[in-house]
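Based on the provided sequences and hints, a complete structural model is requested.
Residue numbers (this note's numbering), protein chains in the order written: chain F, 1 to 786; chain U, 787 to 1223; chain R, 1224 to 1395.
One or more hints might be untrue.
Simulated crosslink set (BS3-like; lysine-lysine; CA at most 25 Å straight-line) [to be verified]:
hint: 1; chain 1: F; residue 1: Lys-53; chain 2: F; residue 2: Lys-254
hint: 2; chain 1: F; residue 1: Lys-56; chain 2: U; residue 2: Lys-1099
hint: 3; chain 1: U; residue 1: Lys-928; chain 2: F; residue 2: Lys-59
hint: 4; chain 1: U; residue 1: Lys-1195; chain 2: F; residue 2: Lys-86
Which bits of chain F does chain R cover? Going by a derived footprint, with three or more residues having C-beta under 8 Å, they are [unchecked claim]:
hint: 5; region: 96–109
hint: 6; region: 206–215
Chain U side only, calculated, beta carbon under 7 Å to chain F, not exhaustive [stated by the list, open to error]:
hint: 7; residue: Lys-931
hint: 8; residue: Tyr-934
hint: 9; residue: Ser-1133
hint: 10; residue: Cys-1134
hint: 11; residue: Trp-1136
hint: 12; residue: Pro-1139
hint: 13; residue: Arg-1141
hint: 14; residue: Glu-1142
hint: 15; residue: Lys-1149
hint: 16; residue: Asn-1166
hint: 17; residue: Asn-1173
hint: 18; residue: Gly-1176
hint: 19; residue: Phe-1179
hint: 20; residue: Pro-1181
hint: 21; residue: Asp-1184
Treat the hints as calculated values from the structure; they're not laboratory data.
From the three backbone atoms N, C-alpha and C, an ideal C-beta is built for every residue, glycine too.
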Amino acid sequence: MADVNITVDGKKVAAPAGTLLIEACKSAGIEVPSFCYYPNLSLQGACRMCLVKVEKMPKLQTACTTVISEGMAVSTDTPEIHQARKSMVEMLLGNHPLDCPVCDAGGECELQDMTFAYGAAESKFIDIKNHREEQQWSPVVYFDRPRCILCYRCVRVCGEGMDVWALGVQNRGVSSVIAPNKEDHLECEECGMCIDICPVGALTSGAYRYKTRPWEMRHVGTTCTHCADGCKTTLGVRRSDTGMEIVRGDNRDKSGINGDFLCMKGRYAFDFANHEDRLTQPLIRKDGRLTPSTWEEAFELIGRRFKEIRDSAGGQAIGVVGSTRTTNEENYLLQKFARVALGTNNIDHHRTADFPALAAALRGKPEATASMRDVFKAPAMLLIGNNPTEQHPLLAWQIRNNVRLHKARLYVINSEPVKLRRQAVNFIQIPVGSEGNVARFLSGDDSAAGSISNPTATRDAWVALRDKLRGEQNLVIIFGSEIRGEDIASLVKFGSAVPSAKFVCLSDYANSRGAADMGLYPDLLPGYHPMSDAGKWRDEWGGVPQTPGLTLPQMVESAKAGNLKAFYVVGANPVGRLGIDAFSFSQRFVVVQDMFLTETALIADVVLPAANAYEKSGTVTNTCGDVQFLQKAGEITGAKSDFEMTVRIADAMGFDVSKLVPFSRGTHSDMGQSRGAQSGEVDRHGVWLEAQGLEPKMSPFDPTAILDEIQRLVPGYGVSRANLLAGNDQHTTLSGSGAGVQHDPALIAPANDTLFTSGTLGRYSRALNSVMENRQKQPAEEVAAD
Amino acid sequence: MADLVSHPDEVRVVSRRFGQGAADIDRYLQLDGYKAVQKALAMQPDAIVNLVKDSGLRGRGGAGFNTGMKWSFVPKQSAKPKYILCNGDESEPGTCKDRLIFEHDPHAVIEGVVIAGIATGAHAGYIYVRGEYRYLLEIMQKAIKDAYARGFLGKNIFGSGYDFEVYWHGGAGAYEVGEESALMESLEGKRGIPRIRPPFPAVVGLWGGPTVINNAETLASVPHILLGGAEWFAKLGPPKNGGTRLFCLSGHLNRPGVYELPMGYNLKKMIYNVGGGIPNGRTLKAVVPGGSSCPLLTAGEIDVSMDFDSMMKAGSMLGSGGVVVVDDSTCMVKFALRIMKFYRHESCGWCIPCREGTDWLDKILVRFHSGGGLRKDIDNIQYLSENMLGRTFCPLGDAAAMPTISIVKKFRKEFEDHLDGKPCPFEKAGAAELAMA
Amino acid sequence: MTVLKNIAAIAKGMSITFMEMFQPTQVENYPDGPGPLKGAKFQDRFRGVHVLQRDENGLEKCVACFLCAASCPSNCIYIEAAENTAEHRVSGAERYARVYNIDYNRCIFCGYCVEACPTDAITHGHGFEIASFNASGLVYRKEQMLAPQPAHMGANAVFNHAEVASGELGVR
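See the structure below:
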């Protein structure tokens, strides 16, 4: 479309037709102030701050509602305009409480900024201000009406953005007030978007209220550790007696894949990090009781026992379970440790999606996976299974807003009437468990239509839908873990009939995709290479065990039979989450690395306190395959990263650590990222390194040391390091993957988390458990068992 | 029900059926009822629009836009249905003309709506009656029911093959909804707040369809234009100000009431001749010429012709025809306060200057009138009003600002008399409470 | 002539010396003087150890806005904020300082904190005898700097103008 030329303050500006004047000015570097205007939300024209002079118009015009037209001449800074803005601020401040010293927004308040920029130094107002008592709308949302400037951003982001419509306006005139949907409280998704978008301190966060001030915190942009969407979240961290305290999570940094979005978990559920149940020192079972001990003793014991078992019974007597929340580096290191140091392929993780099948189906198909950003831009989307609103809040946001802003077409096929059907042009409800039949039908197998047809969705309707989908361009096909194995191949077959179709496979945990990509499988090396295709790794590592190892259920059986002698669990809770038989391991040597004394940790012989994703750096891959960097926010006294622990165990086994982490080769500049702010970690590493006679500047505890190897060897991960460290997301594709393997679909156990649960982590978040919408509160006895 | 008044200078067009029981459909038919709509059905739509354009009929709601012109903005072809909307949300203090029309001549409004529909190609019309006029709603409901029963509304009206549906809607008591876009919001069941314009209602209006919104008096005039002709109507008033107008005389007058006078009638004559002058031997202090939103005229400024253009020249507005006469026993500070209380109460709260400005002004004026005024407050009142003027989302802010500015400018002395803790000089005199409609 | 000029100049200079010799002494008799301040005298504007003021209801004026900490050039103020509750009300506003430390190892008595304070909660007292052999004792806690309850709240009237010296409450 041809650009429209306008003149702003004598400066020539060209912008696409249909651009709003306020955006055109912004693109020309001219700031037009506003409260109520917010990109991608409906226009209001309510705050009157963006008044500008448009030539030939008698009155000042609002730049936020004026669409530019050819030859328009605009002035944004005349005495008249300045006076108008000044008077708007004056009038706003009339009833504003001016309690900036106690207000949470003080220091990052748009009204403060506007007052500095445009306001008057003195107030003409001497009358009594209108007052209303502050209200608590939910455990996490507070509303202070006097501070509210009625910009209606919260109402719009809740309704238009979140499709929740929990906020509205009551009364009129000066007694207008933002009101929650349930008279005096909110019942909503508790995403807290209203708080983030509030330009002043009217909506405040229950978690952060009155704790500190914005400039007192360090703001660390990292990636959320809850679901598999990988939202960028900015943590406000301040020092505390336990090392650090995360006091706030928000998305100040709107550059992430989530843009404006953050859900309840990303915003509030960081509080597990400061939970008082966190382990702060290693525990060793002595006389049947887990007894606090020292790190040296713990590493020595683990190293000795692992070495004994490996040397006496062979590597296959040791089972390793990896995590779906640890970083790619840690996962890669763990499987390398298992395969190289322990000499076993017995490595598995909690599988929540069938990525190997997808990798196999997409092999050699470039550009066949969609990034999270692609979902926002796709002209059409097909969603089969899953309930993104609950399990993938960001994905749901992308879908919803793609429909709202870009008029994208959404097709939903689900066994439940999921909320996203409200955005769908076509919603078909199918019997539970027949998602696979849908995939087969779409791929052209008409015999599958029988099981999915019903009076509301007849066979003809299905055929019509399939034809319609085949006619779509750039369709993004999003499917949940209901579709596994052969069905994924069917779906990909259907996709190849659609021009430029892309796929998103939905998994459940923060780094489920990374765990799969990094080869936490007994029969797959990183990048979905089967054991028969181990060439690269054999060269790199100097040998890889040939036979596929045991899956997690097989490990349990093997332990029961007495063949498996040691069990090494890193950041997972198979006893609690997968219901494996804890008694199988009663006479085995079990090592657990975790933050809490989980059900699995309770059966361990050694429990090592682990750092969480906010306390270390590294990369994680979200369910779409977007790789992002974790920025270390700080560290808790007493915990170590899983990376460090694995390296130390290898060292204690007498294994040459430089064979595990190639820290003596290549460029390992981590640009200070992994060292963290506290000097403790660096010092600790320094002491150890010096004792080993190594040069401290190149550390085997530096995850980026192994990132080199990952980038070199794992297909798709050859992304720009500088971009990663800068906090940008980068998409990896599966086209270069190995051949993959067909797995038993029963090995996949979806987490079935909701907006208010997050696996084992969720139960340690007070915020998540405090909201009334959390319908899956832990029964009392289970909490007691923790 | 208000008593009807009359005066020899009156030219009865819109009010010609007042007091004759025309709310009854049979009586209405005897009084040339529904003849105009039948004539319209025989005409080309463009011809109707041109006829109304030529008649010089201007919107009676206050803005005074040429009605025929407004109709001509409606696109001929539209994917969405077109609507006619009759604005009967008459809430302007000092104005009570639509009330009489709804009470005495409801069918004229219906007829006007249908004619507007024929002229613009719409097939549905809404008559929005002010919430406080609950008792008039019953009359309107009956009128619509009767018209349907006779086949004047619904499918195939008058056997012409043209379909037209008319619906009534009662407001919930908001002045703001008299603003056309807020009226549409209210009709759609939302909060009564104005919409962003453009797009204008003629293009995107009710339910997204092109919509003509006219004042009840405007629409009630239309049948008479069709029957009497454009030339006749135009000649009733001065150039470009066709026809007559219902003037609502209230305040300190001997004979208050609603009078239908030709456009351009002299204001002074209206007060002293038609209205019977000021009672109790008092003298005139100020006049609100067109409802409370208009700048006031002082006693020396009232020798003006009451048409849209002359009033603009005189520094005020014709507005909605509500002439409020204020005698010398009235405290102008209290008058300003009373007006501001109204606007503070009626502000929808959407935009900052109107929401906060009216509240602030109300607070200052309350304090000022009760003796707590400071000299700088007088300037503050003017400062605030001037900063509201022209910067609000809809004209309500202007409506609150304009009379206030004119009062401060023209009666500054009275404000100064309230300073230094002195009690209101008029309270002692025991002045009667100003009655506002 | 130059000699005479020089002598005159010397005489002029010495005259001031001799004049000052007979003026009363300006040196304070500290620390041997009378009273709790041991003879020390201050201008009102003297910037000594900080005093955290209370309002007329005996509540702390400090609302933990952190502006003092933000303005402090030597970064010596440490605050932890907490929210007042109906049962436990410490300050007049929503927030109060649960912890308020000033590290006198670092404080340069510039008075920026006092200027920055929006509630006039922090002021400079006249306490100056804070030298210590123990650096850790120089981190003053809120309780050491807080003004006592006002007289009408039951405290001694002498404390109304709180004087804080050596980390203990002094009496004028």
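Do the hints match the structure? See the list:
1. Our distance criterion of 25 Å between C-alpha atoms is broken by F:Lys-53 and F:Lys-254, whose separation comes to about 31 Å.
2. The hinted pair formed by F:Lys-56 and U:Lys-1099 meets the criterion: a straight-line CA distance of about 22 Å does not exceed 25 Å.
3. Restraint check for U:Lys-928 and F:Lys-59: the C-alpha separation of about 44 Å exceeds 25 Å, so the hint is violated.
4. The hinted pair formed by U:Lys-1195 and F:Lys-86 meets the criterion: a straight-line CA distance of about 23 Å does not exceed 25 Å.
5. Residue count for the region 96–109 of chain F with a Cβ under 8 Å from a Cβ of chain R: 5. That meets the three needed, and the coverage hint holds.
6. With a threshold of 8 Å between beta carbons, the proposed coverage of the region 206–215 of chain F by chain R holds, since 6 of its residues qualify and at least three are required.
7. Because the smallest distance between the Cβ of U:Lys-931 and any Cβ of chain F comes to about 33 Å, over 7 Å, the interface hint for this residue is violated.
8. Because the beta carbon of U:Tyr-934 sits about 35 Å from the nearest beta carbon in chain F, more than 7 Å, this interface hint is broken.
9. At about 4 Å, the closest approach between the beta carbon of U:Ser-1133 and any beta carbon in chain F falls short of 7 Å, and the interface hint on this residue holds.
10. For the restraint placing U:Cys-1134 at the interface with chain F, the shortest Cβ-Cβ distance is roughly 5 Å, inside the 7 Å limit, so the hint holds.
11. Here the hint on U:Trp-1136 is kept, as its CB sits about 5 Å from the closest CB of chain F, short of 7 Å.
12. Interface restraint check: U:Pro-1139 against chain F, minimum CB-CB distance 6 Å, threshold 7 Å, status holds.
13. For U:Arg-1141, the interface hint holds, the least distance from its beta-carbon to any beta-carbon of chain F being 5 Å, beneath 7 Å.
14. At about 4 Å, the closest approach between the beta carbon of U:Glu-1142 and any beta carbon in chain F falls short of 7 Å, and the interface hint on this residue holds.
15. Hint on U:Lys-1149 holds. Least Cβ distance to chain F is approximately 4 Å, under the 7 Å limit.
16. A hinted interface residue such as U:Asn-1166 counts as satisfied when its beta carbon comes closer than 7 Å to some beta carbon of chain F; here the least separation is about 5 Å, so the hint holds.
17. Given hint, U:Asn-1173 at the interface with chain F, holds; its Cβ is 4 Å from that chain's nearest Cβ, closer than 7 Å.
18. Restraint check, U:Gly-1176 versus chain F: the minimum CB separation of about 5 Å is within 7 Å; hint holds.
19. For U:Phe-1179, the suggested interface contact is upheld, since its CB lies about 6 Å from the closest CB of chain F, less than 7 Å.
20. Violation of the interface hint for U:Pro-1181 is found here, the shortest Cβ-Cβ separation to chain F being roughly 11 Å, above the 7 Å cut-off.
21. With its C-beta approaching chain F no nearer than about 10 Å, U:Asp-1184 sits outside the 7 Å limit, and its interface hint is violated.
Taken one by one, the earlier hints fail for this structure at numbers 1, 3, 7, 8, 20 and 21, listed in ascending order.
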